[in-house]
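Student: If you want the building blocks of each chain, they are given just below.
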Amino acid sequence: MISNQILQTTIEGLKGITRIDFCICDTEGKVLASTFSEAEEYENSILAFVDSPADSQVIQGYQFFKVFDENQLEYILLAKGSNEDVYMVGKMVVFQIQNLLVAYKERFDKDNFIKNLLLDNLLLVDIYNRAKKLHIETNVKRVVFIIETKHEKDGSALETVRSMFATKTKDFVTAVDEKNIILVKEVKPGETYADLEKTANIILDMLNTEAMSKVHVAFGTIVNEIKEVSRSYKEAKMALDVGKIFYSGKNVVAYSNLGIGRLIYQLPLPLCRMFIKEIFDGKSPDEFDEETLTTINKFFENSLNVSETSRQLYIHRNTLVYRLDKLQKSTGLDLRVFEDAITFKIALMVVKYMKYMENMDY
Amino acid sequence: MAGLLLKNVAKFYPNGVVGIKDFSLEIADGEFLVLAGPMGGGKSTLLRMIGGLEDVSKGDIYIGGVRVNDLEPRDRDVAMIFRNYILYPQMTVYENLAFGLKLTGCGREDLHQRVMDTAKLLEIEDLLNVPSEKVEGIDRYKVAVGRALVRRPKVLLMDDPMRWLDGEMKRKMREGLAGLYRRLGVTVIYVTEDAAEAMALGTRLAVIRDGILEQAGTPQEVYEKPLNRFVAEYFGDPAINILDASVEEENGRAKLQVAGCTGVFSQENSRRLLAAGYDGREITIGVRPEDIHMESEWVERCSDNLVEACADAYEASGDQAFMTFRVGENRLKAQVPADAGIRPGDGVTLAVDPSKVYIFDKDTQKAI
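Going down the list, the sequences are from chains A and B.
Just so you know, we're using the working numbering here: the first sequence kicks off at 1 and counts up by one.
Just so you know, we're using the working numbering here: the second sequence kicks off at 363 and counts up by one.
There could be a bad hint or two in this list.
Straight-line alpha carbon distances no greater than 27 Å define the calculated DSS-like cross-link-like pairs of lysine-lysine that follow [stated by the list, open to error]:
hint, chain 1, residue 1, chain 2, residue 2
1, B, K464, A, K150
2, A, K277, A, K345
3, B, K383, A, K345
4, A, K355, B, K420
5, A, K244, B, K420
Source of the hints: derived by calculation from the structure; they are not laboratory data.
Please put together the full structure from these sequences, using the hints given.
Tutor: Structure, rendered in structure tokens:
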């Protein structure tokens, strides 16, 4: 059903043009939207009008109209005034609301279609048939963005994303659960992953500014056909998860940039446990103190460069060498050696993944 | 308006990375504080923590005397402007301004009043009924700023909003923002990597690197009294000249050996160096290009601090120019008059004002 807010906006807009007051009520006389304050007083008149066979009627200085949706009485419209002009304007408003109902239903159908498409609930033949019926192009490039909000049912965030994209009829905004808003966006010719990253950042910044919501944005790869949209959706979903595990400082994550984290995310947990046991002999590499962790992270950040790392940590080169030697003694891995460094890096990531998955189990 | 207090604020990420380290700062009511520093230093993280978009791992944030650590962003009385923004394409300027307020459930009359007031403040009243797609250039930016201001926040948080603007547009917007700040009287916290922008806008600067507050002070303070080499190098274009030097005491005064030349320190620097035991030790010195002179009156005045140099490269910049000189193996950049008539290869005597020489410890890089 069309939201009361949209009905209100519509009649306010029409009042702005025609200078006539309007009120829209449901068939039980309840006011849904109105541009004047005394609308509640007409409840009994509305109920009587609903029962009458007339499509329009003048009662107590107001033109009453019935608004049908496929022969089903949906709303009663009141237009202030009883002259011919008011009658004509009232008829136009009824026409406008009926068209809104049609547009809403079409959008709802599209929304349903996109949801089922994302969730792989459609047969291949149905995808193309329904897309054709709904005037959705099948052979354009698309990408799926997932916007995860901190709070469930964040209406402000959904409304903001809709306002940013939904009017472009080739983009679709929907939701398949309470916390995630999904944007299926058409990719224009020449648009690259860097552009998509920019779009993701715009979404993030706009939601931070307008809805003041903490959000994470992830997106999948570009797909060429409508039947592949669900793949882009799954990738975006994975990017969101992998981002939470390995790139927790990032608010925008692209599937195409997940790197080694994507591989680790798909490892079975028993294999991970075996790997960690073999490498660290049962010890957990994430139990290092803050100083050691900072040293390791800075050393990796600076591509194993001792001088640069010691400079950035404000410590003497020898202090860094001492810390690395100490780490080598406790783990058997010398981070200055590329092979050991990569083993260590992977091991840290595997431990992070295991922890995340274990917490998920609870 | 409201003042802010950041008390031992820290941000740790689950992967062990430390975003912000033990950061404490008081921001006065109505102040325009610029968080300046290199990329990845934690400026935006700190701003997002103030706005409630990042959790605070340790410490406390107070806005207007109220601890806001556990408050949602929308309950903190702040508004945010980021570097990426678009206008809602299908809406007019009025609707763009009103959109955020509508989401908060603001009443119709109040909303209208706020939109009108904001439009007046930003001088975009004429555009209110224009579809946003037809709004261009600086006006688009004003509308984006207006969407934040319409909330009437106590604190306005701006995360490098001019990053994507080009030279002329940036200059105009910088002027516009400075004027707007004076009219608004609101507390502003502004993030930028651009040192010149920070200097131009802020009533006070907080320089951040690697999540650590390096220095806080007025633009003049951080430029003229940098607490360490990093701050000295960060502000100033062209950057300060940095040279290795050694200190030797002679008749109770510290003398300087640098690039094969001998010079003297100012009385104050000399006293500091000797008191701190730098006699016979290596230090780092910094001299800004505008404090190296070649005019005869300066050569006379600074006769103890003369450097024989060879002109190397010339960069014109309007009525001033910058010349790079070779001094032994070192390079010195100096600001020279555009009509100085020096050509690369010419030998020149340069005078350095000893009172404008910055001295830093070679290991800690802190100002002595």
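Student: Now tell me, hint by hint, if it's right for this structure.
Tutor: Status of the hints after comparison with the structure:
1. K464(B) x K150(A): Satisfied, since the Cα-Cα distance of roughly 21 Å is no more than 27 Å.
2. K277(A) x K345(A): holds, 15 Å
3. K383(B) x K345(A): Roughly 24 Å separates the two Cα atoms, so the pair holds.
4. K355(A) x K420(B): Answer holds: K355(A) to K420(B) is near 23 Å, not above 27 Å.
5. K244(A) x K420(B): Measuring from Cα to Cα gives roughly 21 Å; hence the hint holds.
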